[in-house]
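Enquirer: Sequences are here, hints too, so could you generate the full structure?
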Amino acid sequence: MKKIRELKRIIYEEYTDEELLEYYTRKINLLKQAGNVNHDVILHYVRELNQLYQKLNEKEKTR
Amino acid sequence: MTSEEIHLRQILYNPIIRDKFINFDENKDYFCSCDKEEYISKLEDLIINDIKRMTIDTFDLDLIISWYDIFLKDLYFSDVYLVFNSKFNNMLFAKEKELDIDISAYTTYLSNLFESNSMIQKYNECLERYLDLRNLNYLTNEDFERYVFALNINEVHTEEDFAYIFNMILDKKYVLSDLEYQKFFQAFGVFIMNEFGIENPKVSLSSVLKSVGRYKLEISDEKTINNVLLNKGRVKSSNILENLETLFHEIKHAIQKKELCELYRLDVLKQLEDTLLKTVLGKEYYEINYNYLSGETDAIVCSQILLSEFLKLYAPLTYRARKEELDAMIENALKLENINTRGLNYNNEYDLQTLFTSMLSNNLQILNEDMLNDGQRNVLLQVYNLDGTPKTPDVYFKAKEELLKQQSETLLTDEETLMKIKEKINFYDAILNTFEYNIENLRRNYIALNEYNPVNNEIQAEVMQYKRKVERKLLKYNQGIQVIQFPEKSGVTK
Chain D
0 MKKIRELKRI IYEEYTDEEL LEYYTRKINL LKQAGNVNHD VILHYVRELN QLYQKLNEKE
60 KTR
Chain E
0 MTSEEIHLRQ ILYNPIIRDK FINFDENKDY FCSCDKEEYI SKLEDLIIND IKRMTIDTFD
60 LDLIISWYDI FLKDLYFSDV YLVFNSKFNN MLFAKEKELD IDISAYTTYL SNLFESNSMI
120 QKYNECLERY LDLRNLNYLT NEDFERYVFA LNINEVHTEE DFAYIFNMIL DKKYVLSDLE
180 YQKFFQAFGV FIMNEFGIEN PKVSLSSVLK SVGRYKLEIS DEKTINNVLL NKGRVKSSNI
240 LENLETLFHE IKHAIQKKEL CELYRLDVLK QLEDTLLKTV LGKEYYEINY NYLSGETDAI
300 VCSQILLSEF LKLYAPLTYR ARKEELDAMI ENALKLENIN TRGLNYNNEY DLQTLFTSML
360 SNNLQILNED MLNDGQRNVL LQVYNLDGTP KTPDVYFKAK EELLKQQSET LLTDEETLMK
420 IKEKINFYDA ILNTFEYNIE NLRRNYIALN EYNPVNNEIQ AEVMQYKRKV ERKLLKYNQG
480 IQVIQFPEKS GVTK
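Sequence lines, in order, name chains D and E. Taken in order, the first sequence gives residues 0 to 62; the numbers are from numbering that gives the first Met the number 0. Taken in order, the second sequence gives residues 0 to 493; the numbers are from numbering that gives the first Met the number 0.
Warning: the hint list may mix true and false statements.
Claimed, not checked - Straight-line alpha carbon distances no greater than 27 Å define the calculated DSSO-like cross-link-like pairs of lysine-lysine that follow:
(1) E/Lys41 x E/Lys27
(2) D/Lys60 x E/Lys421
(3) E/Lys468 x D/Lys7
(4) D/Lys1 x E/Lys423
(5) E/Lys282 x E/Lys311
(6) D/Lys31 x E/Lys468
(7) D/Lys26 x E/Lys334
(8) E/Lys475 x D/Lys31
(9) D/Lys7 x E/Lys171
Keep in mind the hints are simulated off the structure, nothing from the lab. All values reported here derive from a predicted model rather than from experimental measurement.
Expert: Structure, rendered in structure tokens:
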């Protein structure tokens, strides 16, 4: 398989669920650290994160 | 230019000194700094670069012949000469009328030097010989340079060719002359842009660029060219990581142009808002907010993640050695991406959406003029009304209700449709959850929500929750109202 396809996926921001999980976790931590950030923005990412957890858990169960 | 380089160039270009060099033994006093072999080895790089340059820019037949006779005893040098003249020959006949060259002198020279068939044969032999170098277990730096030279001439490249060269430079620490590296890097740039689905890609090197790179969309009647400009002085093998990051950064800008018209994503909307604020407010907005502009932070984050993944795939040793540094870079870029405030001058900061709403209400012609293409207008009109006011939350909740209905009617196997529905729901959720509003909009939102009664139970609960949030914010505003003083209708510059 062409390795370059992996890079194409990244430049078009087509992340896998696992990558998104890492991204949202990072983002939430950074927002918390920054302080003085709109609380709703953090909540938005927390919601996204929860949805992903649920999705990944269901994936795990069906394996 | 160093004094040594000046001296070497005199040997090449000054006929009197060149004659002295031919009779080296008789003029040893003149060439007292080193012996003849050392001179020749020092002249090698100069000769090779000058032959390549002259083949492209001018063509001094006598001078090249004299170099060939005196200096080009090495097989590689005569091959370089041969290859470049063969290329030049083709170019010459194809563009005979455009070039200011004495063709008869050139063809006479060629016919004296080689039979044309044997020349083509030698050209192919030399390419094959250098491309075979890749199969050796151990390469000298000179062998590596020769291999890249042959690859650059070859014009058709595979991913493996590029991967091999990057690996050799990054993990194995080989270096290339600037000329070969620049050609190789340009070819790689075009190759990867093609792989990323960017139409009519071009990578140019510029000596006048102030920044490390720039993306330029060149529109003509015939076609639209996606041109990535790189600062020529920075493109060298010792700067390979910076070069890759710059290339990825500028390629992301090319992709953003496309994304701005097609995607339902909050970061894309923010990019559009920043772009329009820059267009209306001018250079100052761009300069004050450069580090936080959504298009820039998006390109920075993307290019750094891409660089990290690139090294993981093609230069694992370098990746391992620099992992922490790369992670820290990505972390910093993500911090910049989180900043949602923008400055109008160096003292005041405003929330991006509040600032954009104020600007839009003073410059409604944006929505009608040719400043936006159809795709961009569609994205913007998802969020703003034609009178410049932001859409009220009930619009998004209604749209979500419709989308959830569509979702329930779509077959689970129709992944593409489900993905598009999910993308839109996420977009509306992101707007509902992250947009900041001033008091006037909060009141409008509250009234609109009061008049809206969703059918879907899930949406009903969301609306209730959202209304409570708006109420809390309204209460907060009553304690300390935030007012934006936005300049009166400013002249719109395109």
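Enquirer: Each hint: holds or not?
Expert: Here is what the structure says about each hint:
1. Distance check on the hinted pair: E/Lys41 and E/Lys27 sit about 17 Å apart at the alpha-carbon level, within 27 Å; holds.
2. Taking the CA atoms of D/Lys60 and E/Lys421, the gap is about 22 Å. The hint holds against a cut of 27 Å.
3. Proposed proximity of E/Lys468 and D/Lys7 is contradicted: the alpha carbons are some 40 Å apart, above 27 Å.
4. Note on D/Lys1 and E/Lys423: the hinted pairing is violated, with a Cα-Cα distance of about 31 Å set against a maximum of 27 Å.
5. For the given pair, E/Lys282 sits about 38 Å from E/Lys311 by alpha-carbon distance, which is inconsistent with the 27 Å threshold.
6. Distance restraint check for D/Lys31 and E/Lys468: the Cα-Cα separation of roughly 20 Å lies within the 27 Å cut-off, and the hinted pair is therefore satisfied.
7. Restraint check for D/Lys26 and E/Lys334: the C-alpha separation of about 8 Å stays at or below 27 Å, so the hint holds.
8. A distance of roughly 22 Å separates the Cα atoms of E/Lys475 and D/Lys31; the hinted pair therefore holds under the 27 Å criterion.
9. With a C-alpha separation of about 26 Å, the suggested pairing of D/Lys7 with E/Lys171 holds against the 27 Å cut-off.
Hint violations for this structure: numbers 3, 4, 5, all remaining hints satisfied.
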